[in-house]
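**Q** Residue strings, one per chain:
Number of protein chains: 4
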Amino acid sequence: MRSAICRSDADSIRIHGLDLTTDIIGKVDLGQMAFLEIWGRLPTPEENAVFNALVVSLVEHGLTPSVLAARLTYLGAPDSLQAAVAAGLSGLGTVFVGSIEGAARMLQEAKAADATEDQIPALAREIVARFKAEKRIIPGLGHPIHKQVDPRTGRLLSIAAENGFRGRHVQLLEAVAAEAERSLDRHLPINVSGAIGAIASELGMDWRVCRGIGLIARTIGLVAHLLEEIRSPLARELWLRTEHEAQPPE
Amino acid sequence: MRSAICRSDADSIRIHGLDLTTDIIGKVDLGQMAFLEIWGRLPTPEENAVFNALVVSLVEHGLTPSVLAARLTYLGAPDSLQAAVAAGLSGLGTVFVGSIEGAARMLQEAKAADATEDQIPALAREIVARFKAEKRIIPGLGHPIHKQVDPRTGRLLSIAAENGFRGRHVQLLEAVAAEAERSLDRHLPINVSGAIGAIASELGMDWRVCRGIGLIARTIGLVAHLLEEIRSPLARELWLRTEHEAQPPE
Amino acid sequence: MRSAICRSDADSIRIHGLDLTTDIIGKVDLGQMAFLEIWGRLPTPEENAVFNALVVSLVEHGLTPSVLAARLTYLGAPDSLQAAVAAGLSGLGTVFVGSIEGAARMLQEAKAADATEDQIPALAREIVARFKAEKRIIPGLGHPIHKQVDPRTGRLLSIAAENGFRGRHVQLLEAVAAEAERSLDRHLPINVSGAIGAIASELGMDWRVCRGIGLIARTIGLVAHLLEEIRSPLARELWLRTEHEAQPPE
Amino acid sequence: MRSAICRSDADSIRIHGLDLTTDIIGKVDLGQMAFLEIWGRLPTPEENAVFNALVVSLVEHGLTPSVLAARLTYLGAPDSLQAAVAAGLSGLGTVFVGSIEGAARMLQEAKAADATEDQIPALAREIVARFKAEKRIIPGLGHPIHKQVDPRTGRLLSIAAENGFRGRHVQLLEAVAAEAERSLDRHLPINVSGAIGAIASELGMDWRVCRGIGLIARTIGLVAHLLEEIRSPLARELWLRTEHEAQPPE
Chain A
-16 MRSAICRSDA
-6 DSIRIHGLDL
4 TTDIIGKVDL
14 GQMAFLEIWG
24 RLPTPEENAV
34 FNALVVSLVE
44 HGLTPSVLAA
54 RLTYLGAPDS
64 LQAAVAAGLS
74 GLGTVFVGSI
84 EGAARMLQEA
94 KAADATEDQI
104 PALAREIVAR
114 FKAEKRIIPG
124 LGHPIHKQVD
134 PRTGRLLSIA
144 AENGFRGRHV
154 QLLEAVAAEA
164 ERSLDRHLPI
174 NVSGAIGAIA
184 SELGMDWRVC
194 RGIGLIARTI
204 GLVAHLLEEI
214 RSPLARELWL
224 RTEHEAQPPE
Chain B
-16 MRSAICRSDA
-6 DSIRIHGLDL
4 TTDIIGKVDL
14 GQMAFLEIWG
24 RLPTPEENAV
34 FNALVVSLVE
44 HGLTPSVLAA
54 RLTYLGAPDS
64 LQAAVAAGLS
74 GLGTVFVGSI
84 EGAARMLQEA
94 KAADATEDQI
104 PALAREIVAR
114 FKAEKRIIPG
124 LGHPIHKQVD
134 PRTGRLLSIA
144 AENGFRGRHV
154 QLLEAVAAEA
164 ERSLDRHLPI
174 NVSGAIGAIA
184 SELGMDWRVC
194 RGIGLIARTI
204 GLVAHLLEEI
214 RSPLARELWL
224 RTEHEAQPPE
Chain C
-16 MRSAICRSDA
-6 DSIRIHGLDL
4 TTDIIGKVDL
14 GQMAFLEIWG
24 RLPTPEENAV
34 FNALVVSLVE
44 HGLTPSVLAA
54 RLTYLGAPDS
64 LQAAVAAGLS
74 GLGTVFVGSI
84 EGAARMLQEA
94 KAADATEDQI
104 PALAREIVAR
114 FKAEKRIIPG
124 LGHPIHKQVD
134 PRTGRLLSIA
144 AENGFRGRHV
154 QLLEAVAAEA
164 ERSLDRHLPI
174 NVSGAIGAIA
184 SELGMDWRVC
194 RGIGLIARTI
204 GLVAHLLEEI
214 RSPLARELWL
224 RTEHEAQPPE
Chain D
-16 MRSAICRSDA
-6 DSIRIHGLDL
4 TTDIIGKVDL
14 GQMAFLEIWG
24 RLPTPEENAV
34 FNALVVSLVE
44 HGLTPSVLAA
54 RLTYLGAPDS
64 LQAAVAAGLS
74 GLGTVFVGSI
84 EGAARMLQEA
94 KAADATEDQI
104 PALAREIVAR
114 FKAEKRIIPG
124 LGHPIHKQVD
134 PRTGRLLSIA
144 AENGFRGRHV
154 QLLEAVAAEA
164 ERSLDRHLPI
174 NVSGAIGAIA
184 SELGMDWRVC
194 RGIGLIARTI
204 GLVAHLLEEI
214 RSPLARELWL
224 RTEHEAQPPE
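Top to bottom, those sequences are chains A, B, C and D. Residue 228 in the working numbering sits at position 245 of the first sequence; the count goes up by one each step and never skips. Residue 19 in the working numbering sits at position 36 of the second sequence; the count goes up by one each step and never skips. Residue 221 in the working numbering sits at position 238 of the third sequence; the count goes up by one each step and never skips. Residue 4 in the working numbering sits at position 21 of the fourth sequence; the count goes up by one each step and never skips.
What the hints contain is simulated information worked out from the structure, not anything from laboratory work. You may find that some hints are simply not true.
If several chains are the same, the list does not tell them apart, and a pair holds so long as it fits within one copy or across any two.
What the hints assert, rightly or not - Quick list of in silico lysine-lysine cross-link-like pairs, BS3-like style, CA-CA up to 30 Å:
(1) K94 <-> K10
(2) K115 <-> K10
(3) K10 <-> K118
(4) K118 <-> K94
(5) K115 <-> K94
Using the sequences plus the hints, can you model the full thing?
**A** Put into structure tokens, the structure is as follows:
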């Protein structure tokens, strides 16, 4: 058994080789720290810009099911803030933030990184044909609310491009979106999960932990919502109303 | 029912009044975003420096019980990264990161913010006397491993002071530590949880969500450990060894 | 490290000394099994009757905050039923089922088991005086909805009495309720949590795991609600309505 | 929004039409109650025997990863028993108890219930061929420890048969096991998850909640292990040893 991330003794804590007290605290900001922790090294300025943009875009999205679950949990266990946050994270599965993972997986399993630019259109056709044959939804495309264009997608893709991260994964996702639109005859813009999955793949993040970007972001959001719940509660009202309305008739 | 944090419609997402696409992504980094989300406004440069230092200091502390719980959970549910992170957070209660909350509560309930500098020593004597009478451990002092001086504490307190956040909460905690040492006749240095609780109180953070700083930080750490678990697993070995060793005799 | 509960090898699994295949499956029912697992031996018929009554009384209480949290979690992670149940359990803290623990703790810390019947009234006066002085709510008394008499309380106390479990803990709780009513001049009937805490204490259950009775019971309830959520969903509607209603004005 | 499970008001609580106080407490035992809660009616004696056998078989299996995660969580949050149980349940995913779901899904999606006995062998061949073609493991067969015969499987299948529940789902699973053994040329006995998945299908349980049988059972086991952890702790030792052993070299 071996973990290479941290070495600590009575005098010091070293994280990926950097001393927490002298090299990190006061010198490395939160975005850089998250990159260091996950990638094992500090980011370049370009990586830093792109990674911060990805996480920041997922921190807050209103009263999501995850936020409501956390607030309802806090109502019953106000002395266990961690249990409320844990409950909120538990629902960040395949349906919501988990779709980032689906897009990253699709692009990484297609070995986009090893392809030439010329090979991208053929890869995209293969992917769309396979998902169509298996009657599966292509991850990272379309959005129930932002039907026309997800406002965040273009911004994230621009920041990636400006910083040198419009590589094969992004190109492949764009090609998949175009091919899907033609093949399925529906407007299927890249959504924010798709953009994040593609850009995280450009940063070299294993698809199996891409859901983690959402977890890091949403933990921040959940703490903010629990603070609001303390000051201006809504969970009790939500509970009592729902219980009253949904009871079976006598 | 009302939540003031976020307003979203088909065209835009506004968070505490800022437009996510045009004002936040690419302009606000992760530390600033966390501050915005929780405080409802962007931080000053001084607040930003101090807040980043607090969170960064808690991201990683090796193979903690929380990390082991997350890795063992991942072993059984590798397709639910969020469940493994949630399991890891569930143990961040009163014993570990939760002690931040204890220190912040003690300082905030003493109404340190309303005291003059002259009143601090008397407040400290009251606090120590009360904890002593109730046979309770004073939160934020002492450390099982870093017996002499926690290397992180001095660094965090320096950064706070340099940025104008050595206010009454920090002064009161220092006075409590000195008084406790005299009264209990034991070396009781301020530990990292105490320093964070005091500095978070300087930043105006309600003690009831101070545990959240640890949750935000450790979620990052848990994602990194789960990535390591995928590449270089230890949970299965830990399980099999423990099961084998701890079985009752036949 | 030693765990005495279970011994398993390639051929057999022994639980508290009984062989799972030959002694337990098909011979021991679920209530007896839970008793065996927790107490380390099979129950007497009287213990069995009382223990089953306790657990059964907590299985279902409608669309509680815990049930809503589980259903909202399932909406985002339908392939992780365990995460939805875990989210639902996370809120069973001090406010709801956790109050069982408070009552059991109060009775066990008063060393009711060691008292004679004559000493009970004095113990009750001490307890009520102490909670009054500390301005704390006495656990196990009163109920927000069932103001007059909780219909379950009398039934549980009868079953306990019929089976020989109206011992000192139950007597002390009754004396505390009477004393509280006189001293605080309010109608404070024993509620179902109080009755369960007292009866679990009669069964010899450590107060630190009494919350577990509620966890065992509610896990059953959560599974049933998630099945209903699959067949007749309400979480999506609850989310969309709440999000729409609670948005801040433009 | 409508939930048909429970109706409660100030005077009574009705669960699937039965009054909790007069019809359930003291009359319905825990196994029957779980059946009532999930199926919406009380079980027949035969259903009761079979259902109890299924749940009882999963309560305890030693120091599993789930138990270790719960004990490590309790170490950090001893005042939140529910968080420790929730952490333990979080890992009951696809790898361990979740495999029940896989077996039940395979049998229910094959529409075993609608088949005649003559059609079973052909259904089994189709299933094995499909899993082989897709290079997927057939759920419910084989076991890492109990290589020859899982001691629980035969017992559960006997109890099912004795009570009239050796129907098409059980027959199909047996046919799949025989076909898999021939086709893959490996000994692949039905394991306990497979038997439970098949028998739960006989009882009419939707595969999407079959994982719930394991959750109900293991919650009991987790409470018992947390009681043992309080009396005879091992989590701290497990943590300190692992941290010490697995640190990277200086």
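**Q** Please go over all the hints and tell whether each is borne out by the structure.
**A** Results for each hint:
1. K94 <-> K10: neither (37 Å within a copy, 32 Å between copies)
2. K115 <-> K10: The answer is neither: 50 Å in one copy and 39 Å across copies each exceed 30 Å.
3. K10 <-> K118: neither (50 Å within a copy, 40 Å between copies)
4. K118 <-> K94: Both ways: K118 and K94 sit 22 Å apart in one copy and 20 Å across, limit 30 Å.
5. K115 <-> K94: Both: 20 Å inside a chain and 25 Å across chains, each within 30 Å.
The structure fails to meet hints 1, 2 and 3 from the earlier list, while all remaining hints are met.
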